[in-house]
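> Each chain, written out:
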Amino acid sequence: MAATPSVSVQAEAFDTGAEVAALAAGRTDIGAVVSFTGLVRDLTGDLEAMTLEHYPGMTERELTAIAEDACKRWPLDGVRVIHRHGRLTPGDPIVLVVTASAHRRAAFEAADFLMDYLKTRAPFWKKESHRNTAGGWVEAKAEDDTDAARWEKGKKVQK
Amino acid sequence: MAATPSVSVQAEAFDTGAEVAALAAGRTDIGAVVSFTGLVRDLTGDLEAMTLEHYPGMTERELTAIAEDACKRWPLDGVRVIHRHGRLTPGDPIVLVVTASAHRRAAFEAADFLMDYLKTRAPFWKKESHRNTAGGWVEAKAEDDTDAARWEKGKKVQK
Amino acid sequence: MLILYFASLRERVGYGEETLDVPTDIVTIADLARWLSTRSEGHSEALANTAAIRVARDQVHVDFDAPVEGAREIAFFPPVTGG
Amino acid sequence: MLILYFASLRERVGYGEETLDVPTDIVTIADLARWLSTRSEGHSEALANTAAIRVARDQVHVDFDAPVEGAREIAFFPPVTGG
Numbered sequence: 193m194a195a196t197p198s199v200s201v202q203a204e205a206f207d208t209g210a211e212v213a214a215l216a217a218g219r220t221d222i223g224a225v226v227s228f229t230g231l232v233r234d235l236t237g238d239l240e241a242m243t244l245e246h247y248p249g250m251t252e253r254e255l256t257a258i259a260e261d262a263c264k265r266w267p268l269d270g271v272r273v274i275h276r277h278g279r280l281t282p283g284d285p286i287v288l289v290v291t292a293s294a295h296r297r298a299a300f301e302a303a304d305f306l307m308d309y310l311k312t313r314a315p316f317w318k319k320e321s322h323r324n325t326a327g328g329w330v331e332a333k334a335e336d337d338t339d340a341a342r343w344e345k346g347k348k349v350q351k
Numbered sequence: 193m194a195a196t197p198s199v200s201v202q203a204e205a206f207d208t209g210a211e212v213a214a215l216a217a218g219r220t221d222i223g224a225v226v227s228f229t230g231l232v233r234d235l236t237g238d239l240e241a242m243t244l245e246h247y248p249g250m251t252e253r254e255l256t257a258i259a260e261d262a263c264k265r266w267p268l269d270g271v272r273v274i275h276r277h278g279r280l281t282p283g284d285p286i287v288l289v290v291t292a293s294a295h296r297r298a299a300f301e302a303a304d305f306l307m308d309y310l311k312t313r314a315p316f317w318k319k320e321s322h323r324n325t326a327g328g329w330v331e332a333k334a335e336d337d338t339d340a341a342r343w344e345k346g347k348k349v350q351k
Numbered sequence: 023m024l025i026l027y028f029a030s031l032r033e034r035v036g037y038g039e040e041t042l043d044v045p046t047d048i049v050t051i052a053d054l055a056r057w058l059s060t061r062s063e064g065h066s067e068a069l070a071n072t073a074a075i076r077v078a079r080d081q082v083h084v085d086f087d088a089p090v091e092g093a094r095e096i097a098f099f100p101p102v103t104g105g
Numbered sequence: 023m024l025i026l027y028f029a030s031l032r033e034r035v036g037y038g039e040e041t042l043d044v045p046t047d048i049v050t051i052a053d054l055a056r057w058l059s060t061r062s063e064g065h066s067e068a069l070a071n072t073a074a075i076r077v078a079r080d081q082v083h084v085d086f087d088a089p090v091e092g093a094r095e096i097a098f099f100p101p102v103t104g105g
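Residue numbers (this note's numbering), protein chains in the order written: chain A, 193 to 351; chain B, 193 to 351; chain C, 23 to 105; chain D, 23 to 105.
If we strip away everything but chain A, and leave its shape as in the complex, we get (with noise of 0.2 Å):
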């Protein structure tokens, strides 16, 4: 039976215990769960709040076609993305997937590849506001387009 992912887009926190744990709640058949977890961060120490704006609509769906391409390339038994929008300190749980499979290396690549077209394609924009410098919107990093690259059918990916 494929997996039927399950999708939230909310403002409050997320509970990645209590993720874990219901993917793999009354089964026997799961031998693996990889969750990632992704927080504010502040590597400079003046990160004040980032501010999440998405496209309401755009967003549930996006994240619903990505966890269903994941289903379909790799053996899931459960995927469970949640992404936070909003306005969130340093410290604060940004996404969370959850990915859960008989096979290790099922579930870790699907949780990589999950993270990797997120990044890229689900519609989010963050905005930082700092303490004593300006703040902004967040600009896309080139490295994500190459990490999303990896998973494009025929290519080979090298580490």
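Any given hint might turn out to be false.
Unchecked claim - Residues on chain B that point at chain D, a partial pick, calculated with CB under 8 Å:
1. Gly249
2. Arg253
3. Val287
4. Arg313
5. Ala314
6. Phe316
7. Val330
Don't read these hints as lab results, they were simulated from the structure. Think of the CB as a built atom: it goes at the ideal place given N, C-alpha and C, for glycine as much as any other residue.
Got chain A sorted already, so can you dock chains B, C and D onto it with the hints?
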């Protein structure tokens, strides 16, 4: 500051969410936390229990060596490894690996590496008892050696 | 047709959405962007550098050469930065 | 010297550890395995197929050509199956 890995070998269950939270607690320089949870799998419906034997002393030493190796290979801010021993039943968590880093790729690759190395180097042995058929020691998989070989120096990795 | 702007584009235009009657000679999204640029200085600034703009047609990523006809909503935004 | 057996090897030998005075002409771990094989039928069965046996010298993975001299403990076990 390089991470100091934390390693536990225990009979007791663990709490994935609490471990993920602990690794990032009070810090604002961590952007990514990846967790891998391994569970007892029962694909045939015939598995009664899985008993894990290990080599006390060497187990802790080997897990610590693997975690320290990961800290040398990737810029990690935290590594947590928990491996259970004793009698477990289907659906029970066996192993937890959590990695934290400023960078998503580092956290993913280090967790993936830790599991591959742990599978081939940590002195644990699984014995299955079945309800209706003969149980016995689980055979090592050649696939695990192949997975671990991906990380050997000088080897290019293809997915 | 509903036209949407997000993030820095929304700020430059001054608002996030507008409903417009698009002339029938507007064929592609590139045409639409050029036509929208004439509406105000903010629109012109927001839509000047198409290399740095992404487009969605009815909430699906498309290129600038995608057709406008039949769309319910078309959104313009900078490269995404979620995750 | 402390000799340890784990998992299926422990079951075949009949116990998990023994402390032995190893003769001085035992140079490598391969020599040690051959010498231990003569101790009982269980030892012989357990240590027959060296291709399917892994060894640790003082809790560190080593090959069969590693030296025995100076070791506190040497462990024999099947390929590991944790994780």
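> Closer than 8 Å between Cβ atoms is the bar; does glycine 249 of chain B clear it against chain D? Give me holds or violated.
holds (6 Å)
> Given a cut of 8 Å on the nearest C-beta pair, is the interface hint for valine 287 of chain B held or broken against chain D?
Hint holds; valine 287 of chain B Cβ to chain D Cβ min 5 Å, cut 8 Å.
> Have a go at the arginine 313 of chain B hint: is there a Cβ in chain D nearer than 8 Å to its own Cβ?
holds (7 Å)
> Using Cβ atoms only, decide whether valine 330 of chain B comes closer than 8 Å to chain D, and label the hint accordingly.
Holds, because the Cβ-Cβ distance from valine 330 of chain B to chain D comes to roughly 5 Å (cut-off 8 Å).
> With a cut-off of 8 Å on the beta carbons, see whether arginine 253 of chain B makes it to chain D.
holds (5 Å)
> Hold the hint about phenylalanine 316 of chain B up to the distance rule: shortest CB distance to chain D must be less than 8 Å.
Check passed: Cβ of phenylalanine 316 of chain B comes within 3 Å of chain D, closer than 8 Å.
> Does the interface hint hold: is alanine 314 of chain B within less than 8 Å of chain D, judged Cβ to Cβ?
holds (5 Å)
Violation of the numbered hints given earlier is absent; every hint is satisfied by the structure.
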